[in-house]
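Asker: Using the numbering used here, the first residue of the sequence shown is number 825, and each one after it goes up by one.
No incorrect hints appear here.
FRET-style restraints, in silico, Cβ to Cβ: (1) D889 <-> R842: 34 to 42 Å; (2) S847 <-> A868: 25 to 33 Å; (3) S863 <-> N832: 19 to 27 Å.
In case anyone wonders, no lab produced these hints; they're calculated from the structure.
The beta carbon of each residue, even a glycine, is placed where N, CA and C say it ideally should be.
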Amino acid sequence: MIRDAFINNMSSNEIRTRLLEHSVISLQETVNKAMALNSAKENAKLYTKSDPIINSNATFAGNGDIRVLIALRETPRVITVGK
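Model the full structure from these sequences, guided by the hints.
Answerer: Structure, rendered in structure tokens:
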């Protein structure tokens, strides 16, 4: 009953739906899963593209590094990834 009230009062419909996928789940499992889903949702926002990528190019340097040029709408960025 407390679990149902917890799920019913969720502000996120996405999280509520995911919690209701489980026919049998304890209150503690519900709270843990809700916290994990909320954390994942917040972390996913970090991966949202703010600028569309117009063009990208990767080159392999002789020392094993990979240089990636990403051309965004306003500012080109160069990222070097080492071994």
